[in-house]
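*Asks:* Chain B: place on chain A using the hints.
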Amino acid sequence: PILYSYFRSSCSWRVRTALALKGISYDLVPVNLIKDGGQQFSAEFKALNPMQQVPALKIDGIILSQSLAIINYLEETRPNPRLLPQDPKKRAQVRMIADHIVSGIQPLQNLSVLKQIGEKKMEWAQNCITSGFQALEQILQQTAGRYCVGDEVSMADLCLVPQVANAERFKVDMGPYPTITRINKALLELEAFKISHPSRQPDTPAELRA
Amino acid sequence: MSAAAAKPILYSYFRSSCSWRVRTALALKGISYDLVPVNLIKDGGQQFSAEFKALNPMQQVPALKIDGIILSQSLAIINYLEETRPNPRLLPQDPKKRAQVRMIADHIVSGIQPLQNLSVLKQIGEKKMEWAQNCITSGFQALEQILQQTAGRYCVGDEVSMADLCLVPQVANAERFKVDMGPYPTITRINKALLELEAFKISHPSRQPDTPAELRA
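Chains A and B, in that order, are what the protein sequence lines are.
With our numbering, letter number 171 in the first sequence gets 172, and the count goes up by one each step, no holes.
With our numbering, letter number 156 in the second sequence gets 1516, and the count goes up by one each step, no holes.
I should point out that these hints are in silico values taken from the structure, not numbers from a laboratory.
Hints are supplied without guarantee of correctness; some may be wrong.
As the list claims (entries may be wrong) - Capping the alpha-carbon separation at 25 Å, the derived lysine-lysine pairs in DSS-like fashion look like this: (1) B:1457 <-> A:59; (2) B:1488 <-> A:122; (3) A:47 <-> B:1389; (4) B:1487 <-> A:122; (5) B:1413 <-> A:121; (6) A:116 <-> B:1413; (7) A:59 <-> A:195; (8) A:90 <-> B:1538; (9) B:1482 <-> A:172; (10) B:1482 <-> A:122; (11) B:1561 <-> A:116; (12) A:90 <-> B:1425; (13) A:91 <-> B:1389; (14) A:121 <-> B:1488; (15) B:1367 <-> A:91; (16) A:186 <-> A:91; (17) A:116 <-> A:36; (18) A:23 <-> A:195.
To be verified - Coverage of chain B stretches by chain A, computed from C-beta distances (three or more under 8 Å per stretch; other residues unrestricted): (19) 1379-1390; (20) 1422-1433; (21) 1439-1452; (22) 1554-1567.
Yeah, the Cβ is synthetic: ideal placement off N, Cα and C, and Gly gets one too.
Chain A on its own, in the form it takes in the complex (with noise of 0.2 Å):
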């Protein structure tokens, strides 16, 4: 398989995380999403990927975009270990907190939407975090155990952790949110997480090199 991904992209880190967890080697390659005004914006990768976007992967014969659409992919076609529990409600909860993040925070602040709102983008991204996380915080204490839905490891966690970064990028404070808090830094704590993180990919730029 071929991932198109930028380092700091939270959706393609979401995907790299999947990639690792279920132990499927795949070759890189970087799109940056800043120069040449945006790499993402060229011919050849919109033949790739009409949506101009990452994270892009390439995958038993077709290429798919949407950060989620490729985990639940993977979950069907490589499914052990999983990322989503058996029991459907418990499943529902998983997707429910994953589609908060993804569709409900992230958007709202990515590179796009902020290079728009101009210079009040750093206020912006932050009340965008904050919303999400206080309602976020209040979920979490019904579904949490080790990690967003009880103690095995889902596709709430690998949206997560690219979350809580973005908000620490945008200096949001994390005093009010002390259960995303515990569960991302027992993530941090895994491999999958380690070697799929920003710091660590190829085209990571050496000053933010881990």
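*Replies:* Positioned in the frame of chain A, the structure of chain B alone reads:
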């Protein structure tokens, strides 16, 4: 009456595209439910009441009370319905086609709709019409190209899927924000075909318990 036997309760706003997706799924699967309207505009937004927050900390619609639990996030709800009430199905059997359905659905529910939802537009202020048009145009340009690869009668092949549930409300949003649909013939064709189906008609914003009189079909 046990919790499992009680009728599901859907918290919904007539014009919320996220609520519409779930109303359509319930209709397609023939699941009866009670609808509790949550007005996103009145009283500063009824979704912000302490009562609703206790039900759904995310303070958004839709929320579905079913089988003794409360779920939010439209696709999480729809996937739960798919797994527990599998007929008729809303996902193809082939994993690659399923991935295409999810890719299209996710593009709409993460890549387009949130950027032009009510709370974002409130923060954008004066320029909100232009902002919404830009989000939708940008998203539809990509979607049109993808659908040209995947579509049959509907978004992916010839069976109604989760992608179609997401498409129709987003086209309605495009029309509300006066987006020129001329460049998107595939989106337009599929939307038209879907709106002929009963499930999409009865779940339409113009036919809900909380539809204002002047917008009622």
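*Asks:* Are the Cα positions of residue 121 (chain A) and residue 1488 (chain B) separated by 25 Å at most?
*Replies:* 16 Å, holds
*Asks:* For residue 1457 (chain B) and residue 59 (chain A), compute the direct alpha-carbon distance and say whether it is at most 25 Å.
*Replies:* Distance ~15 Å between residue 1457 (chain B) and residue 59 (chain A) Cα, so the pair holds.
*Asks:* Would the hint linking residue 186 (chain A) and residue 91 (chain A) be met if the CA-CA limit is 25 Å?
*Replies:* Holds, at roughly 22 Å.
*Asks:* Between residue 116 (chain A) and residue 1413 (chain B), is the straight-line Cα distance small enough, at 25 Å or below?
*Replies:* 32 Å, violated
*Asks:* Tell me if the straight-line CA distance from residue 23 (chain A) to residue 195 (chain A) falls inside 25 Å.
*Replies:* 14 Å, holds
*Asks:* With the threshold set at 25 Å, check whether the alpha-carbon distance from residue 1413 (chain B) to residue 121 (chain A) stays at or below it.
*Replies:* The hint is violated at about 29 Å.
*Asks:* With a C-beta cutoff of 8 Å, work out whether three or more residues of the segment 1554-1567 of chain B approach chain A closely enough for the coverage to hold.
*Replies:* violated (count 0)
*Asks:* Next pair to validate is residue 1487 (chain B) with residue 122 (chain A); report whether the Cα-Cα distance is within 25 Å.
*Replies:* Roughly 16 Å between the alpha carbons, so the hint for residue 1487 (chain B) and residue 122 (chain A) holds.
*Asks:* Would you mind confirming whether the straight-line C-alpha gap from residue 1561 (chain B) to residue 116 (chain A) stays at or under 25 Å?
*Replies:* 39 Å, violated
*Asks:* Hey, residue 59 (chain A) versus residue 195 (chain A), does the alpha-carbon distance stay inside 25 Å?
*Replies:* 23 Å, holds
*Asks:* Checking one constraint from the list: CA of residue 91 (chain A) to CA of residue 1389 (chain B), max 25 Å. Satisfied?
*Replies:* 22 Å, holds
*Asks:* Keeping to a limit of 25 Å between CA atoms, is the pair of residue 1482 (chain B) and residue 122 (chain A) held or broken?
*Replies:* At roughly 16 Å apart (the allowed maximum being 25 Å), residue 122 (chain A) and residue 1482 (chain B) satisfy the hint.
The structure does not agree with the numbered hints 3, 5, 6, 8, 11, 19, 22 stated previously, though it agrees with the rest.
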